[in-house]
Amino acid sequence: MNNTKEQIKNRMLKKAAKLWGVPANEIEMSFDPLVALLISACASEIEKISGEINESQTRITEKIIQLMTPETIYGPKPAHGVMSSFPLDDRALVQPETLFYYKKKVTHKKTTQNFKNLYFTPVASCNLIKANISYIAVDNTIKEVIGKNDYEDLLQGTSNGSLPNSTLYLGVTSDLDTLNLSDISVYFELLDIDDKALFYHHLKFSEWYLDNNKIKIESGFINSTESAKLDLDAIFEDAPSKTNNLVHQTCNFYNKHFVRIVESKEGTSCKTSNFEELDTFISDNKVKVDDNVRWIKIVFPRVISNATLTNVYGTVNAFPVLNREMNSFSYRLKEFISIIPVKTDDLFLDINSLTNTNGQLYKPQSKDNSYEDKGTYIQRSDNVGKLGYRKAKEYVVYLLELLKDESASFSMFNNDFLQSNLKELNQLIARLEKKVLEITNEVSETTYLSLKPFKVKESLLVEYWTTNGTLANNLKTGSALEIYKGIGIRQKSSTLLTPTFGGKDHLTMEERLNAYRRSLLSRDRIVTKEDVKALCYEIYNNKITDIQIRKSYVKDIAINKGLINCIEISLTPNPDSITKEHEWEALNSNLLLFLENHSVSVFPYKVRIL
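Per this note's numbering, the very first residue in the sequence shown carries number 1; after that it's consecutive.
Hints are computed from structural coordinates only; laboratory data are not their basis.
Small disclaimer: the values here were computed from a predicted structure and weren't measured.
The beta carbon of each residue, even a glycine, is placed where N, CA and C say it ideally should be.
It cannot be assumed that every hint is accurate.
Stated by the list, open to error - With a cut-off of at most 25 Å between alpha-carbon atoms, the simulated PhoX-like pairs for lysine-lysine come out as follows: (1) Lys555 to Lys606; (2) Lys104 to Lys492; (3) Lys103 to Lys143; (4) Lys256 to Lys580; (5) Lys105 to Lys504; (6) Lys343 to Lys242; (7) Lys343 to Lys455; (8) Lys606 to Lys196; (9) Lys204 to Lys492; (10) Lys216 to Lys204.
As the list claims (entries may be wrong) - Label pairs and their calculated CB-CB ranges: (11) Ser50 to Ala480: 57 to 63 Å; (12) Asn54 to Asn542: 19 to 25 Å; (13) Val602 to Asp284: 51 to 57 Å; (14) Lys363 to Ile609: 55 to 61 Å; (15) Ser50 to Ala197: 53 to 59 Å; (16) Asp345 to His582: 27 to 33 Å; (17) Glu335 to Asn114: 40 to 46 Å; (18) Gly21 to Asn426: 56 to 62 Å; (19) Ser459 to Ser44: 38 to 44 Å.
When you get a sec, could you build the whole thing from the sequences and use the hints?
Put into structure tokens, the structure is as follows:
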């Protein structure tokens, strides 16, 4: 129904004319101008009420989505990247608790500039070794590695012999007498835009040799045993962990870049490691290399050409990191209030642990443990999950105004008892007003933990993660990081190997609506094309404008397969949203990972950006 002011006014005039028995064609002449003016004013107010009703429908929908959508879906997300560090001793272990920071210049209110520390932690434990990959030899070239994009050509395009095809030699330099490479990850990046999918696919099928002995390798950053343990823990978790989901997504994106050397009976330690064909090639071309270099020979399938391998960068001591910081505080529960406020200056990410002084661990409430169970808690993003929009301070201000009005009304009665009570009430109001004025506007956000304690008034230790959201995006490759918390890492040795991206603040209502629609309709199972479209809109949000899904064919990159059936997802980018290539790559990786885990289709998926 149309509810503009003129239309409402016309309907009211027609109704009044009908009630008063005035013909429709005589309305203008029969009505007093004052009546028309009053009806016009009434129509204007009704138009406003109509607009408020329409807006209230939207607000009710948004509030329902806020209450029913889990925090893990619409909360902030940390930026991620890959960094490298160098140990002080022969070996060092970096853990998720190890903390690095980057000083970023932040403009405040477009006038002043301040420095803010952005913290990063490894996604999982990783071994560092006192060694560097200093040389890369392929075909008829030998390069000395100074940095990711900084090489010195020791030999370029010689005609005096060449190395075997599809073979890459990594020269490792170290001051250690015996080089032990067991449980060490090697990071690879193809600096050319062509053949990336082909190279990373066949990297895990390459054969590695150390001192003419074949060594065992595993693809991925986290070893298979630890990965299986994480998957098993996720199955038996009472409630999904946002941190574990983020770690899993980040590792899935970077796993193709990492190869881990596995300890085996053939041995992964050596004092020297040389290969006859390489020694002959170096001596024939009179190339000068370090005397202590140990060479690792990597033989790829023949489909990987020497032209591709010449653009490969490799290094040790690299690991993926997330923009997050571990914080902790102790809190003693009140007698009747079992709610813990967690105030943060940065964006709240997730609860790491909640324990009491006896070491008992609190678990998040889930469908398997009700709130009546002791030792459970519920996380609320704001206002302890209540339906009202006003906070406690606003309620107090409203109460003060109400008390003032009521006390003024009752002061008219001449009753001594009432007068004394009103006097005390006014004194109390004055004290409350003074206290409210002292409360400054809080710039920090507050997350609440509503829990069922083991004991009344017990003391708890709360550990939680915070992040910086979009502020940590777009840190450039080569940016220097400092060690903030951790042992065994050399100062001034930590740098970013990739730009950081993927950080998000709290999702907008449109993004929450996409997430809720997908979750409600598909129930985490991808069956129809509409389920796939809903998932795409949730992951890509405003970066795309259209989605097309059709059956297609794709050439498999495995050497023993040809054309295979697939489902092609064609995405039309939004011209108003600037998205970089590595961001598309990360989004596509997250989409394919979710489809792999939740789709019932037997055909693989292919994502194409139009």
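Go through the numbered hints given earlier and state which of them the structure violates, listing their numbers in rising order. Checked against the structure, the hints that fail are numbers 3, 9, 14, 19, while the rest are satisfied.
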